[in-house]
Structures are given as structure tokens and as C-alpha cells.
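J.: Keeping their order, the protein sequence lines are chains A and B.
Positions 1 to 499 (our numbering) are the ones given, in order, by the first sequence.
Positions 1 to 158 (our numbering) are the ones given, in order, by the second sequence.
Treat the hints with caution; some may be incorrect.
A few chain A positions that, by computed beta-carbon distances, are all more than 12 Å from chain B [to be verified]:
#1 Phe130
#2 Gly134
#3 Gly143
#4 Thr169
#5 Ser188
#6 Arg192
#7 Phe195
#8 Trp245
#9 Asp288
#10 Val350
#11 Ala391
#12 Leu453
#13 Met455
#14 Asn468
Derived DEER-like restraints, expressed as beta-carbon distance ranges [unchecked claim]:
#15 A:Val384 <-> B:Trp98: 51 to 61 Å
#16 A:Pro249 <-> B:Val60: 48 to 58 Å
#17 B:Leu129 <-> A:Asn281: 43 to 53 Å
Read the hints as simulated data drawn from the structure, not as lab findings.
A virtual CB, placed ideally from N, CA and C, is assigned to each residue, including glycine.
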Amino acid sequence: MEAFSLLLYGFGVLLTWKTLALMMVGLILGIFVGVLPGLGGPNGVAILLPLTFTMDPTSAIVMLSCIYWGALFGGAITSILFNIPGEAWSVATTFDGYPMAQQGRAAEALTAAFTSSFIGSLVAVLLITFLAPGIASFALRFGPPEFFAVYLLTFCSFVGLGREEKHKTIISMTLGLLLAGVGMDTVSGQLRMVFGWSELYRGINFLVAVIGLFGISEILLTMEERLALRGHAAAISLRVVLKVWKEMPRYWVTLLRSSAIGCWLGITPGGAIAASFMGYNLAKRFSDDKESFGKGRIEGVFAPETAAHASGTSALLPMLALGIPGSGTAAILLGGLMVWGLNPGPLLFVEHKNFVWGLIASMYLGNVVGLVLVLTTVPVFAAVLRVPFAAIAPMIVVSCAIGAYAIQNAMFDIWLMLLFGVVGYVFKKIGIPLAPFTLALVLGNRAEDAFRLSMIGAAGDLRVFWSNGLVGSITTLALVLLFWPVISAAWERLRTKAT
Amino acid sequence: MTSNRAVDIVVSLALLALAALLGFDNWRTGISWDATGPQPGYFPFYLALILAGACLYGLVKETSARKEPSETFVTREQFTRVLQVFVPTLAFCLLTQWLGLYVASFLLIAGFMAWVGRIAWWKSLVTGLVFAILMFVTFEIAFDVIMPKGPVEALFGH
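Only chain A is shown next, with the shape it has when bound in the complex (with noise of 0.2 Å):
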């Protein structure tokens, strides 16, 4: 019960009209960024981080996290409407739910998916409620040894579990933990990797790197690609909101099966998109009707949603208690916080109580308000799509140019982030996948202090990594998950051999 009394305690936190008007201000500019094509969750978040620099810590990281879930929102206006995913995530709520668009049926649709995304959230809240505050005092163990094993944890799982080319995979995560390194090393204070270039003695800030990766290149791809955006209007009336509220009981297992699909994938590093396919392929499996899956059945709307939702918010859970982003939104809440002087990880339970459970209650209010929010709105949001995307596209690339330039006051960044413009356009193009890069760079400065920490330490010896039972069965399970594909491939071989 102490988690509930701290619950109440952060709501306290949170009850006032300032807070109350950033919450919807972030909602509304998350959901524009959800909608807009070539705008995002991570670059979304990225750009505007700036805009909160000034603001203290519990206002920025409210705002900050109602834009996230702002975009998880704004992400299924798109599908269901234009069948242009926002996000990755939202591929597979297109299955049906564009098929429901063009039946007519797109309110039905939209409603099905907020409110499914609203429970998948809700779900993963109450995990982290309970659940964060338990791992962050059992964190507070942990010492450099540990941490560096679930560092490892977290890139091997990438690699192992990673849909993509294992060498890609790596190739990404190496090149990220490498530009994490430039600059001053923040052991020595000796400088690294800069070859005299004073531009980067600062180093390669992850946030610019993000907003060219995400942003910048996704604009060159939308160009490629010309979309015609062509879409379904759509303005939800309450008593379609009652009719598919009332018909929801009837799909509980699904919803239940795939928020805790999506909660274990969101825990897992780099699950998010992977929960949204596996929470529809699940509930086509495990259906009576698989036939109707693909022509606009609410099921296959429902499932998708509430699993990506309930993985976009549990992705938070690792973060506050561990420090180790679950996903690459996640990974740029964590930049913040350490922008704001706060270091993610265990202690943030114990020293910033009032940040951390004011977080926490955001959560909860910001997923209520945002349902409100987006039911009553689509019309708005919807129209924001009609405008022609000659006029987006500039306005995304100035967006992203003020968010690069205000991190650091740097003009320099603004070439970083296009040269990053260009490097992810190239690399989504050749299935290179940018979020072990993300995750790479923004945990490779602490990755390295635990491993040379560890190290020392230990003077040098790497038995260090087995040297408890608990720093051995992270550090195996580390190992185990690199080599996953070819231990699941060897053990197959087993079976059919034996059988």
C-alpha cells in the first residue's frame, strides 16, 4: 500500500493549473506530432526537449511524457484514416483499421483504438507503479559490475532478439557506442576521438543525432515515396463511442492477452514495434474467425493497440528504475533527465521522490485526459493531414533545425543533424536499423564508466562479471541472448536429429 499512498502524494504533486495546462499543451502537440508524417514519438520529443530547458524538472518531464503519449495517439489517427502508419508501431492497427475506414466504419475504428491504447497504458501504469518502486530498491544493490551486465543485457537482447541482420544490428550499436565516446572521456577528462576539431570536443550530442536520424531523413523518405495523402473523414459521436464501449467486454481476452504481450515486450529492450505485430497475430491465431482478420474486424484493431500502448508505456519501467531505456522514446525522456541534472536509475526513487512519483501520476492523468482529448478532436487532427505536405515538410525541417540548434547553442549541430539527415535515409534504406544506435549512444558514456569502474575494481580481472550470483546469471542471460539465433537454430538441429 505504500506505492498508493505515494500515488496520492505525487497526484498532490501534480494538481496544479500549471502543470494541469502543460499536460494539455504537451497532449496537443504530441498528438500534431504523431499525426504529421515525418514527425514522430522520438523525434517529436527530441525537438520540442528544447522548449523545456527553462521549466523545472517535474513540469518538463509532465510535458514532456504527455507529448509521448500525445504521439502514441496521434500515430493511430493515420493508420486507421490514411493507412500511413505514423509510427512503426502503428503498422499493424492499419490491418483493420483502414479496412473499417473505408467501410465507413472510421469512427468505430478510431474509438476502438483509443480506447484499447488507453487500457494497453493503463495496464503497464499499474505494472509500474507497483512494480518500479520494488526493482529500483532491489537496484540499489547493484554496483558497477552489475550495471555493466545489464548494459550488456540490454545491447545483447538487441542483437539476439532483433528482427534485422545480426551484423546490421551490430554494426548500428558498435557505431553508436563509438560516437558516444568522442569527446572528453569522462574518466581521464582526456579527450578522444575529436582529431584537434574543437567542434567536437563537446562530443556528439544523442539528441541531434536523433532529430537527423528520425527526422531530417524520414522528411527525404515521405519525398521519395510522394505520398498522396488521400483519407477518410471522420468525427466520432458519443453514441459510436457507447456502441463500441459496449461491444469492448466482449473481446476482455484479447485485451488482457495483449497488454501483457506488450508489457513484457516493453520491458524487454527494443520490443515495442514487435509487441503491436505479435498482439494481432495472437489474437488472429487465437480467433474462430480468422478469415474475417484484415477486412476491418474491431478485434484486429483492439489487439495491435493495446499492445503497442501497453509496450510504449512500460518502456519506462526499466528506464526509472534501472536507468536503461526501453525503447528509443524512452531513450530521449532519459536524455532529458540527465539534461536536467537528474541521473536515472535506482537513487531517483530515494532522492527525487517528488519528480519520480509526480511522473508517475502524469501518467495516469495524461492517458484519462488524452482520451478525452483525442474522442473529441479527430476532426481537427484529421484536417491537419489535408494540408499539402509542400507546406509540412519546410515547417518539419525549420522544427527540427531549432531543436538541433537549441540543445547546445550550437550552429555546428545544424550540419550534424543533416549529415545525420543523410546517414539514417541511407540507412533505413539498406536495413540498417537506427534504434540500437539511439540506445547506443545515449547509454555508451555509462556503459563504459560501469565497465572501467568494474574493472578497476576488480584490477583488471573479468571473472569480475561472475563473480556473485546475481552479476553471473545477468552477464550468462546477457551471452545466452547474443547467441539466442544460434542456439534456437542448434537446438532445432537437436530435436529433428533425435526425433
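Assemble chain B onto chain A, guided by the hints.
T.: Using the frame of chain A, we list chain B on its own:
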């Protein structure tokens, strides 16, 4: 026509060169152990090795799988469209250095809408102007976020 495979190989080679460069620089910084533990170059040096290894693997894989045809990376028509947005963005970055961000963004938006989007001139100009002023008010005045500024802002005393 450039294929996806050709681009893949070029990127692998470029990354390999980068890995070599960074690896060398870290080796120069020091990759061994001293009294305080690993030297600053230790961790990144081995990362550069892994990067190089992954690139080599990719190169071998792409060059040995010669037989099946690869997808086209980009068609001429698509490339033209990509340049249509890339070149203005490049110009915008250059202009930001001399004219400041707000004037450059006005020029980018108005120009892009009119030329690439073929939207009426007056609409493009008004949109560009409104957006630039809106950004100025939001960042410079409301949120105190300072952007690069040029001669035009100076005229208005900013």
C-alpha cells in the same frame, strides 16, 4: 542504376574506413592498462574492432551472394524528388549562418511551397511569414530559447 547491394557495399566500406580511423586514434590514445585501470582508448578501440568485423562480414556476405538480383536503391525519378527537399534544406542551413534562422526559415517555407509544391505565391509568402513570426514569438520571446539571428532581427532591436 544503383542497386541496394551496391549501396550496402559502399556503406560497409565507408564504415570500415571510419572504424579504422577511430581505432587508430584510440590506439594512439592508449589501449592498454595502467595503474588506474583501462586507458581511455581501451573501450572504444575494441568497439572499433567489432564494427570493422561486422562490416567485413557484411562485405563478404554481399559480394559472395552475387547471383540473385538486388532491389533498386533509388530510381532517377525518386532521387530527383529527394534532391528537391535536400537541396533547399542545405541552402537553409547555409542561410541560417548569415541571415539567422528566422529569415532563412521564411525563405525556405515560402520558396519550397511555391517552387516544389506549386502553391500560389501569395499563399506561400503568407504561410512562410506567419510561421517565421510564430516561431520567433514562441522561442525568442515566450520560452527564452536563443536562435541564430541576422541583420533583419537586428533592425527590430533583437
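J.: Each of the hints needs a verdict: does it hold here or not?
T.: A quick look at each hint next to the structure:
1. Phe130: Label holds. Min Cβ-Cβ 36 Å, cutoff 12 Å.
2. Gly134: Non-interface label on Gly134 (chain A) holds, nearest chain B Cβ at 32 Å vs cutoff 12 Å.
3. Gly143: holds (15 Å)
4. Thr169: violated (9 Å)
5. Ser188: violated (5 Å)
6. Arg192: violated (6 Å)
7. Phe195: violated (7 Å)
8. Trp245: Trp245 (chain A) is indeed farther than 12 Å from all Cβ atoms of chain B, at 38 Å.
9. Asp288: holds (39 Å)
10. Val350: holds (28 Å)
11. Ala391: Label violated. Min Cβ-Cβ 5 Å, cutoff 12 Å.
12. Leu453: violated (8 Å)
13. Met455: violated (5 Å)
14. Asn468: holds (20 Å)
15. A:Val384 <-> B:Trp98: 51 to 61 Å: With a Cβ separation near 33 Å, Val384 (chain A) and Trp98 (chain B) fall outside 51 to 61 Å, so the hint is violated.
16. A:Pro249 <-> B:Val60: 48 to 58 Å: holds (56 Å)
17. B:Leu129 <-> A:Asn281: 43 to 53 Å: holds (50 Å)
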